[in-house]
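*Asks:* Letter by letter, the chains look like this.
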Amino acid sequence: MALRIKKIDEKGNVSRYLIKGITTPLLNAIRRSVIQHVPCLAIDKITIYENDSVMFDEFLGHRLAMLPVKTDAKSYKKGDRVKMVLQKEGPGMVYSKDIKCTDPKIEIVDKKIPIVKLKKDQKLKIEMQAIMQSGKEHSKWQPAIISYQELPNVYSEKNCNQCRECIDACPKSVLEIKAKKVVLKEPFECILCGACRDACERDALAIDVEKGSFLLYIEPVAGMPVNEVINMAIAELQDKNKQFAKLLQKVKGG
Amino acid sequence: MLIPIRCFSCGKQLAGLYEQFKQRIEKGEKPEKALDELGVKRYCCRRMLFTQADLIDEIMQYKS
Ligand SMILES: [Zn+2]
Chain A
1 MALRIKKIDE KGNVSRYLIK GITTPLLNAI RRSVIQHVPC LAIDKITIYE
51 NDSVMFDEFL GHRLAMLPVK TDAKSYKKGD RVKMVLQKEG PGMVYSKDIK
101 CTDPKIEIVD KKIPIVKLKK DQKLKIEMQA IMQSGKEHSK WQPAIISYQE
151 LPNVYSEKNC NQCRECIDAC PKSVLEIKAK KVVLKEPFEC ILCGACRDAC
201 ERDALAIDVE KGSFLLYIEP VAGMPVNEVI NMAIAELQDK NKQFAKLLQK
251 VKGG
Chain B
1 MLIPIRCFSC GKQLAGLYEQ FKQRIEKGEK PEKALDELGV KRYCCRRMLF
51 TQADLIDEIM QYKS
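Chains A and B supply the protein sequences, listed in that same order.
For the first sequence, position 29 matches number 29 in the working numbering, and the numbering has no gaps at all.
For the second sequence, position 53 matches number 53 in the working numbering, and the numbering has no gaps at all.
Check each hint, because a few of them may be wrong.
To be verified - Heads up, incomplete: computed chain A residues facing chain B, CB under 10 Å, no partners named:
#, residue
1, Val54
2, Asp110
3, Pro114
4, Ile145
Hints are computed from structural coordinates only; laboratory data are not their basis.
Because the structure is a prediction, the values reported are computed rather than measured.
Ideal placement from N, C-alpha and C gives every residue a C-beta, glycine not left out.
Put together the whole structure using the sequences plus the hints.
*Replies:* Laid out in structure tokens, this is it:
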């Protein structure tokens, strides 16, 4: 079966794709490549000059490390660093917008993230380094949240009497009756919860998946566009394959 | 003590939504509706915002 990909929708920064003609191992290899091998920026080395807040230095360091940094993958390669500074005096909440970066292209993805609260006269002075690294080291370097599921398929067997119990039981209201059969009206919205099957008194409902069809969800975290993340993941995968083939040749030869 | 930056389970950045969420709840809006409209879909992320207890103001009293 030929590979086909269709974009279903994009809500906020969550994109959904329908992929047909792919296998779980291949799709999962791409997913894992995104998670493990595609690099992005995250704060890693910090120097705390002043921290009068109630938060311990370690606690604060952890919060800073978790901040999603908008990554420019074209000018930053794995291992590259960029300096950031956070300086603030209380009273008030310290937000991610208070972090200043030496490179104007690099910033924290969300400006409204509360970092710590300061009382009057309390001071904060921190110097940070964001490093380009891959998710294999730590999940803070994961460029996107990515998951997939097989495309659901719900259908009724012969002994269905169209009682509509299953339709009322569906929490997502995605079922309907068409030509005396229960069918899945919106297969992309079905969450495979099984409430329809449980509601059926005649055991007439079957829940199945369409083989080789998958729903892919991608939610970029580090401000990189979806196609860039996927392309980089596939390039990494190809690179790994080439290395493997080369090593295999050596084994054969020796 | 303060809203965690990311969801513990999936890693979605949520702290930036917290103040909006809190304002809406204080206005009497249902948490369910507020979370849906903020685009927080997975239940791992929903519990992060939904179960947050802000304690930093109380803890701050113990540091001069
Ligand atoms: Zn989550």
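*Asks:* Among the hints numbered above, which are violated by the structure, and what are their numbers in rising order?
*Replies:* none
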